[in-house]
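**Student:** If you want the building blocks of each chain, they are given just below.
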Amino acid sequence: MGRDHVGKNYEQAPETVVSRAVRIALALLVAVFGGLAVAAPAVSAQSETTAGGTMRDRSGAEDEPLEGVKITVESADGTFSETAVTGADGSWQIVLPGGGDYVGTIDPSTLPAGKTLRNPDNASLSFRLNEGRNRNLLFPIGDPVDAPAAGDDGGTDDGGDALAVDVAPGDNKFIQLLVDGLKLGLIIGMCAIGLSLVFGTTGLVNFAHGEMVTIGAVTAYLFNGWLDWRISLFLAGAIAMVFTGFLGGVFDKLVWARLRKKGASLISMLVVSIGFSIFLRYVVLYRLGGRANFYSDYRIQRRIDFGPFSLPPKDIFIMGFSLFVLVMVGVLLQRTRIGKAMRAVADNRDLAESSGIDVQKVIRIVWVAGSGLAGLGGVLFGLTESIGWEMGFRLLLLMFAGTTLGGLGTAYGALLGCLVVGVFIQLSTLIIPPDTKNIGALLTLAVILLVRPQGLLGKKERIG
Amino acid sequence: MNKTSKKLLAAGLGLSMIAAACGGDSVAGSGDGELKFGGILPETGNLAFLGPPEFAGAELAVQDINAAGGVLGKDVVWLPGDSGDNGDVANQTVDRLLGEDVDAFIGAASSGVSLTVIDKITQAGVIHFSPANTSPAFTTYDDNGLYFRTAPSDVVQGAALADLILQDGNETVAFLVLNDSYGTGLLEAAKGPYEAAGGTVTYEVVYDPKAENFDAEIGEVVAADPDAIVVIGFDETSKILTGMIEAGVGPADKAVYGTDGNMGNALASSFDDPSVVAGMRGTLPGVDVAGTLADFKAKLDAVDPALEDYSYSAETYDAMVLVALGAIAANSDDATLIAPKLNDLTKGGEKCTTFAACKDLLEADNDADIDYDGVSGPLEFGPAGEPTQASILILEFDGSGSLKVVDSIQGQIDS
Amino acid sequence: MTADTDVLAGVSPTPGSKKPDPILIATGVSRSFGGLKAVDVEHVEIQRGLITALIGPNGAGKTTFFNLLTNFDEPDSGDRTFEGKSLNGVAAYKVANLGMVRTFQLTKALSKMTVLENMKLGATGQKGESMFRAIFPFLWRDQDNEIESAADSLLARFKMDHMREEFAGTLSGGQRKLLEMARALMVKPKMVMLDEPMAGVNPALKQSLLDHIKGLKADGMTVLFVEHDMDMVQEISDWVIVMAEGRIIAEGPPKSISENEAVVSAYLGSHHDAPLDFGDDE
Amino acid sequence: MLAGILTDTIRGLIGDQAIYFALAAIGLNIHFGYTGLLNFGQAVFMAAGAYGLSMTVVTFGGSFWVGLFVGAFVFPVILALVLGIPTLRLRADYLAMVTIATAEIFRLIARTPGLDKWTGSSDGLSGFARDFYDLSPFEPRQRYLFNLFQGNQMWVFVVGWITVGLMLLLTYLLINSPWGRVLKAIREDEDAARSLGKNAFTYKMQALILGGVIGAIGGMIRAIGTQSAQPDNFITDVTFFAWVAVILGGAGTIFGPVIGSMMLWCVLAFADTAMRQGVSSGALPDWLLTGTQVGQVRFMLVGSLLIFLAWRRPQGIFGNKEEMALDDR
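Protein chains in written order, with the numbering used here: chain A, 5 to 468; chain B, 55 to 469; chain C, 2 to 283; chain D, 834 to 1162.
Excised from the complex, chain A in its bound form (with noise of 0.2 Å):
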């Protein structure tokens, strides 16, 4: 049952691995010498069955400790009762008979001016104790909470965290959450440019464009975490665009243009991206393993902050350079021969294979250009994210909506699409609960399909 598939492993010193037992016997010391070897003595097992806590006031800048406030432990059948005052440090602490049932009561009357309770319905606890052991009550201090609620954002922030300065929560959050949806719909921009210009040149929807931002990502992994070569995260990334740039080509050349070159009609192509996406999507599992993985480089960084929202330094440098490389793939499309090439053989074959353009080599150098794009999109994807063996086909998805929602086969429309499915993904979780927030990016393509079916950038023409 090993497990050496995840190649990573490996590289783990045996001795950072504690195993569980070990931990467990450590347990077992706890329990037979009593706390003598306990690492954190505030925990520290008792013999003693006790009531206690510490009473403060946390909600301004200072932790400010709260003296002379009477509390009262009564057991649940009245035996037993007892108060306390918190000293100087505002701890306070009673000595229990023994397990069992017991409410711990405060005297609101006792707090220090203007000091209120933060839930003044929670002025009497009631709680179960087993012998031996302590319970600690808390008894909040400060203006009263609203209920939470999942994408609640609660309105009465107490301020001091780094992102609240000069901005009300609810906005800084809004521009925060733009900003990771523009970061999001920049990555699946990039990925989804050669998804739409394969569509617009050959009419396949390949289903197996998403591998090649896992195959891209996962080739980067191989040269910065997997593999102990330790090569720096950029040259790894220009490495992976280029393998999975030359894995399209070889993929065109192997498969597509013999299966166009047949006669295949689109929709046994479209099983064929469909197989190989599967295929492809288990090979990586098989090599690479379930679980999450991280490049060594830029593991972790601090966000910075920019007032009404933070970044951590990848993240912009990921931001300013897919929209570096966008603009350079515009500017290709655009300005060159062969992007103008490009351009008009998606905008109608025939014509430009009739006026001299080598179609076959076109569509070509589309399945090179679009999967390098796509790789690097995974490259830095796996860099904001992590790298899973998943991570493709379900961008796919978003891909899918990016593109149609932008009109299918165009480059600008895809990025326009992408952006908007990125954002609205990331600003519906101010509406819906985060778990579910693809169904929105997902039902908004089924709207636009309704309403737009060329898509936002989409030529008007009768579709099917």
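It is worth saying that the hints were derived from the structure and are not from the lab.
Hints should not be assumed to be uniformly reliable.
[Unchecked claim] When the alpha-carbon atoms are kept at most 25 Å apart in a straight line, the in silico DSS-like pairs for lysine-lysine are as follows: (1) C/Lys113 x D/Lys950; (2) B/Lys245 x D/Lys950; (3) C/Lys128 x C/Lys218; (4) A/Lys257 x A/Lys365; (5) C/Lys113 x A/Lys265; (6) C/Lys128 x D/Lys1017; (7) B/Lys128 x B/Lys395; (8) B/Lys264 x D/Lys1017; (9) A/Lys318 x B/Lys293; (10) B/Lys264 x A/Lys318; (11) C/Lys215 x A/Lys266; (12) C/Lys218 x C/Lys160; (13) C/Lys207 x C/Lys19.
[Stated by the list, open to error] According to the in silico footprint, chain D covers these stretches of chain A (three or more CB under 8 Å from chain D): (14) 275-289; (15) 398-410; (16) 433-440; (17) 445-459.
[Claimed, not checked] From the structure, some residues in chain A lie toward chain B, with a derived Cβ separation under 8 Å: (18) Leu141; (19) Leu188; (20) Ser300; (21) Gln305.
Beta carbons: idealized from backbone N, C-alpha and C, even for Gly.
Chains B, C and D: place on chain A using the hints.
**Tutor:** Chains B, C and D in isolation, oriented as in the chain A frame:
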């Protein structure tokens, strides 16, 4: 309709006739004198990382049982199988193993997968014994008395987690919870006691473990600015923790808590600099009452030298040993005879901690009242066939990313 | 040239001229692709019971206009009426049920269906085409047999009865054109729209196709067809409409057309620099 | 050992997976094989059946028989309308993308804890099939048919194959009717069908509904067989399995999908068991394949089968090669 089609149709009808005609050939789980265990443990799917220790535990149990002379004079048989993470794979495995006349299934790791096969197994009169299901749903499930588990219900761990958060004096807490029954079940079990003791949950979110990113969730946590953050999840915790550290709410900035799903060495090892998780604390069910665990770990390593984690290996081991003891007590390998014996074997009576020792007691007197205290805990099964007592370890990552046990909490389930 | 042209004797040979008994009228029909106007027709009328040809150089917008007339494409603006009924917003299949059937430039023989199946598909009002009745063969069997004999007699007329069980995909290009025309007749249309019926047909079959087209007129149907081949246009059409760059530039009897200056220059001009071939290459 | 492989293979050939994938494939065959619809969300139709049944019984406390009706008709018909109305007027690939996305949407919705009351979130729903098994003439603890099946499985087996037979009969009647002729015409060329006065949209919608309903019945049988309905039982890969079954057996043939499904599960069961035994006996070395990886190899096999079939034998094992060569697209 062409000729081939007609022939096929005829063949199909013929087949159904045969099916109707062939009577019962044999009864699964009935005594054939040989105790067979079937495994439905994750070899594939998103819980695949839980598989290796469970398989190792099972193989070790088989070794130990057979080394002590087996059951009913014969060696017990272990037939491993994959549970995957969706019902398809598990069902196929169960079909296959039912065909091999297994007497007890060991698995599955995921409560969800167990629910897809529990009816099939228990209605066939075979024992379904999970080492890792913690969902409270099984306590009340109509299982013909054939479902058992050695993992304690999440209620115990949840209370321990709440206790831990309270001990550390955290007045507000944010929960980041994996969307499955493990995550949401543990969330409920922890939230109740925590709020009852005066704590406030300022933010709770259930996330999709396969999500493209967790920016939105972490953004909410930052905005909520709690004293403590609890992450209940599996492997994806490494992604979330990365985001939290980058957003300034990592273990160095806040009190961060985990649970048995993620408090493993794998979490620290997914960071090149494991010190970033230093200070993160969490709960893990299980304790050594018999004092044989160091030995147990060494034996597991011998079974599978590549083991990285040991989660649920002890529970798997105990499940198999219990069933084997049950067969000795029932003097049969018929699952329906073994099942009624199992609960009593875990409580009251003469204590024994190894299969060999317990077997000796039982063989000396078939009706001997024994109390098997296993490597995973005192067991003490309640009427629902699950532990009523559990020890929860409190773990903490140190500066080198190693897990240290800092405390243990005894939990009791009222039943 | 037949005597039928007499009905148009009084019609002025100018674009958009009024006909005495128009079956199809289009007014102000325009359609553009990506900013380029592919079709911009002010007014055109098609006389009932005659064979009208629609000609023009490559890229003139003939097929696009054809698609607009049959509602296979939606115009940006404009009105079309067929037998006095407006076609605006009417689904393409309903147009067929009104009695206007079209064929396609690239023949749409249904390859993996037999010739007979192709024919039977053409019949309208089939009971068995409802999903629920389809399950009970006794509800539609009789009608289906009638349709089959009608199909057989049409096949015999088109001299294709010997291949009724063959897959349409095995037929030659010309045979497919024939099949498509025969299939269109199964609809029992009032008007048949043929998109380049002679394209890719070998010379031997051409004459028989021509005869069949004339036969349609003899059966009282109106025919509108798109064609490049001027000889054919001269031979069978009663009236000719010429398109160039999306507009109708000339109309008139076939003879007068070849002398029309606008037509000649449009055709000549087209050889210098081929403009975009909208739609025609679908 | 060999006997074990043999029984597993036979169980794959005729067992419950072959049954419900056969139904899913029959539905998909109506979509793709006869109408040319690219439905890559057959899993969500199966889920509609499973959840229609289980939600009626568990969530709303309805009877099993009402649940059967909801699962077979109400849910899949609504789903088909939702999927079809935006996409069926568009080019075929749009349906493909929307269906694959919908399958994922459904899974996410069914999983979300917010809807736990209705869907049981990630654990799904169970305990709705008792009424079905109460009717079983087979003894649950007995084994039947040469020891292949437990009593309950045997009951699913009999009912399942009868259902498959009925669906085949329905398909046969429909496809050989004028209605089926229109479907085939739409598959060959939608514009030609429309030029002959056929309302292609309506026919495509009917086909989508019919195939969806049959898929949903497959999903119900699955839910009844495992006595649970869970979101993760209906992941995208399930759709791909159904596709392999259709293409393997031959798209556009009556029996193809059933044969394809049986062969697929037979091959998978054989490969699974053979590889497992290879691993445990040491015949397959650890560096090549571990037990954990056996399940992954199965998917690689499915992927390669799709590639091979779509490329080299698009007519499937039983399809007519000449007929496929007529595809002039």
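**Student:** If a hint holds in the structure, say so; if it doesn't, say that too.
**Tutor:** How the hints compare with the structure:
no. : hint                 : result
1   : C/Lys113 x D/Lys950  : 50 Å, violated
2   : B/Lys245 x D/Lys950  : 19 Å, holds
3   : C/Lys128 x C/Lys218  : 30 Å, violated
4   : A/Lys257 x A/Lys365  : 10 Å, holds
5   : C/Lys113 x A/Lys265  : 22 Å, holds
6   : C/Lys128 x D/Lys1017 : 17 Å, holds
7   : B/Lys128 x B/Lys395  : 20 Å, holds
8   : B/Lys264 x D/Lys1017 : 40 Å, violated
9   : A/Lys318 x B/Lys293  : 15 Å, holds
10  : B/Lys264 x A/Lys318  : 22 Å, holds
11  : C/Lys215 x A/Lys266  : 40 Å, violated
12  : C/Lys218 x C/Lys160  : 19 Å, holds
13  : C/Lys207 x C/Lys19   : 32 Å, violated
14  : 275-289              : holds (count 13)
15  : 398-410              : holds (count 4)
16  : 433-440              : holds (count 3)
17  : 445-459              : holds (count 8)
18  : Leu141               : 6 Å, holds
19  : Leu188               : 7 Å, holds
20  : Ser300               : 5 Å, holds
21  : Gln305               : 6 Å, holds
Going down the numbered hints, you'll see the structure goes against 1, 3, 8, 11 and 13, while the others check out.
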